[in-house]
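Engineer: Taking the hints into account, I'd like the entire structure generated from these sequences.
61 is the number that numbering that gives the first Met the number 0 gives to position 62 of the sequence shown; each next residue is one higher, with no gaps.
Don't read these hints as lab results, they were simulated from the structure.
Note that the Cβ used here is the ideal one computed from N, Cα and C, for glycine as well.
Take these hints with a grain of salt, some might be off.
Said to hold, decoys possible - Simulated restraints, written as ranges between beta carbons of each label pair:
| hint | residue 1 | residue 2 | range |
| --- | --- | --- | --- |
| 1 | Glu-48 | Gln-91 | 20 to 26 Å |
| 2 | Val-114 | Gln-91 | 15 to 21 Å |
| 3 | Leu-90 | Gly-36 | 17 to 23 Å |
| 4 | Glu-48 | Gly-73 | 35 to 41 Å |
| 5 | Ala-111 | Gly-67 | 24 to 30 Å |
| 6 | Gly-6 | Val-114 | 20 to 26 Å |
| 7 | Glu-47 | Arg-110 | 39 to 45 Å |
| 8 | Thr-44 | Val-114 | 32 to 38 Å |
| 9 | Ala-115 | Arg-43 | 32 to 38 Å |
| 10 | Arg-102 | Arg-72 | 23 to 29 Å |
| 11 | Thr-44 | Ala-111 | 37 to 43 Å |
| 12 | Ala-75 | Glu-47 | 18 to 24 Å |
| 13 | Arg-72 | Gly-105 | 29 to 35 Å |
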Amino acid sequence: MTAAGLGLRLEPGPRAPFEQIREGITAQVAAGSLLVGTRLPAVRTLAEELGVAPGTVARAYKELEAAGIVETRGRAGTVVSGGVDSVEHELQLAAGAYAARARALGATPERALQVAAAALRGPD
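Structural biologist: Dropping the structure here:
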């Protein structure tokens with residue numbers, strides 16, 4: 000499997016590369032594009048393909064493992080282990096963090112939902 004096979008492409012901007020990798024893999028698991036047991040690229044291989052340091056990919060994989068989305072099997076590599084439950088948990092954590100930030104900024108629930116919906120649709 001390659002970065003392209005994972006649907007990963009890093010975008011310049013405020014989001015750190017490890018976050019983009021983690022979010023991209025999580026999204027692929029949630030969409031059913033990466034099934035349980037699918038082997039992910041080796042850290043060094045994916046790092047080279049994406050043009051980042053191996054530590055960046057390793058951090059993303061570590062966070063995915065902590066969330067229960069993947070597991071590392073030593074020489075057998077990193078494989079998808081989680082399903083909807085792990086992704087759902089990660090999604091709930093992200094939504095909670097967004098809601099707290101929106102409240103801190105004084106946004107109404109309606110406005111926060113509008114902004115979130117626009118962000119999910121992506122750039123026009």
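Engineer: Among all the numbered hints in the text so far, which are the ones the structure does not match?
Structural biologist: The structure conflicts with hints 1, 4, 10, 13, although it agrees with all the remaining ones.
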